[in-house]
Amino acid sequence: MSFLNNLFNKRERSAQVAKERLLTVLVHDRVKLTPEKLEELKAELSAVVARYVPEAEPAEIEVTLLRGESSDMLKADIPLRRSRHDE
Amino acid sequence: MARVITITSGKGGVGKTTTTANLGTALAMRGARVAVIDADIGLRNLDVVMGLENRIVYDLVDVIEGRARLRQALIKDKRLPELFLLPAAQTRDKEAVTPEDMIALTNQMRPDFDYILVDSPAGIEGGFRNAIAGANEVLIVTTPEVSAVRDADRIVGLVEAAEKGPPRLIINRINSRLVNRGEMLSMEEVVEILAIEPVGVVPDDETIVISTNRGEVAVFDQHSQAGRAFVNIARRVAGEDVPLMAFTDQQGVLDRFFGLFGRKAR
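Residue numbers (the numbering used here), protein chains in the order written: chain A, 1 to 87; chain S, 1 to 266.
One or more hints might be untrue.
Claimed, not checked - Pairs of lysine to any residue, SDA-like flavour, derived with a Cα cap of 20 Å:
#1 K19(A) <-> R150(S)
#2 K37(A) <-> D72(A)
#3 K11(S) <-> D29(A)
#4 K19(A) <-> E188(S)
To be verified - Among chain S residues calculated to face chain A with C-beta under 8 Å, some are:
#5 R150
#6 D153
#7 R154
#8 M184
#9 L185
#10 V191
#11 I193
What the hints assert, rightly or not - Every beta carbon over 12 Å from chain S, so not counted as near; a handful from chain A, in silico:
#12 V25
#13 L38
#14 E39
#15 L41
#16 V48
#17 E55
#18 A59
Hints listed in this document are in silico derivations from the structure and should not be mistaken for laboratory results. Note that the Cβ used here is the ideal one computed from N, Cα and C, for glycine as well.
For reference, chain A alone in the conformation it holds in the complex (with noise of 0.2 Å):
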C-alpha cells in the first residue's frame, strides 16, 4: 500500500502526521508511564484476568496509551481463544 502511495506521491499530509505524533507523544508525557511500569502492569494484569478467563491468552495481552476525544484513555487488549465447551 506505501508501494502505491509513493507511486502515485499521495502520501499522507503531514499536518495529519504531525498531529497523530503530537497526540501518541503528550499521553505518553502526560500520563508518566515508564516503559518498565507498563511492562509491569500487563504481567499483573495476565495473571489476574487468567484467574477468572481461562480462555485469555496472557503472552498475547497490549496495553496501550490511547488519546480519547474527551479524555486519555489507558486501553488493553486481551485476545481469547476460541472455545466450544459449551456445546
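Given the structure of chain A, go ahead and fit chain S onto it with the hints provided.
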C-alpha cells in the same frame, strides 16, 4: 492595579519577546499604562526588539538588589509616553533573582500601571519560575510545530500546577498557504491538542523581521499582517470580543479554493 501577564513558551525561538513587545505596545496605543519586564536574566533581548538598547542605565537586578530605584531603571518608550521597559541584566548571574523578588517587584509596580507584561526565558527552570511568580495570567506562545506544541503542553501543566489559572494560547507564525495544503498544523488543530483557550493567531510575516531589524515594533506598521494580529490580541486581552483568524481574509482566491478541499470547514 495592573494585571500582571507573563508571556512564556517552553521552547525558545517561538516569538515570546516579539509577542511581549508588540502586545505591550498595542496595549499602550490603546491608552493603557504598560510596563514590560525582560525576565530573561543574562540574555537581554526585549530592549533591542523595542529599539531601546541605547537608553539602558539600570536593570532588573539593580532594582532587586537596591542599587537603583524602580523609577530610575524604567525606560520610557520612544513613541508612547505610557509604555515603559524594565530591562534584564546582561552580565549578572541568573541566581541573583528569586520568585519572591519577582513577586515583590510586581507588587511594587502594580499601582502605577494597567498592564505589566513579563517576558519569560525559554525552558522550565528557575528563570521560568521567576517569570510566572508574580503573574495573575499566563499567555503561552507556540508555533505550529511538533516540538513547540509539545513544550507548550509541558508549560500548560506547570502553569496549572502553579495555580496561575488556565493559561491562554497565542499561535505564532502560521503560514496559511501551508495550512491549506495540509502541510502545517492549523490553529484549530493546535487548540484541540493543547485544549486551552486561544487568544490570538499571528501569521508568519516578513514584516516582523524587518521591523525587528530596525528596532521598531510591527504594531505601528499599518501594512503588517502580524502587527494587525497583535493589535487584535491586545483587544482580546483588554476584554473586547474580537473574532479569531481575522488575518485569513488576506488569503488569495486560490488558497480559499484549495482550502475547501484541504481541511474541515471552520
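Taking the hints in turn, this is what the structure says about them:
no.	hint	in the structure
1	K19(A) <-> R150(S)	11 Å, holds
2	K37(A) <-> D72(A)	18 Å, holds
3	K11(S) <-> D29(A)	15 Å, holds
4	K19(A) <-> E188(S)	11 Å, holds
5	R150	6 Å, holds
6	D153	5 Å, holds
7	R154	7 Å, holds
8	M184	6 Å, holds
9	L185	5 Å, holds
10	V191	12 Å, violated
11	I193	6 Å, holds
12	V25	6 Å, violated
13	L38	20 Å, holds
14	E39	25 Å, holds
15	L41	23 Å, holds
16	V48	31 Å, holds
17	E55	39 Å, holds
18	A59	34 Å, holds
The structure shown violates the earlier hints numbered 10, 12.
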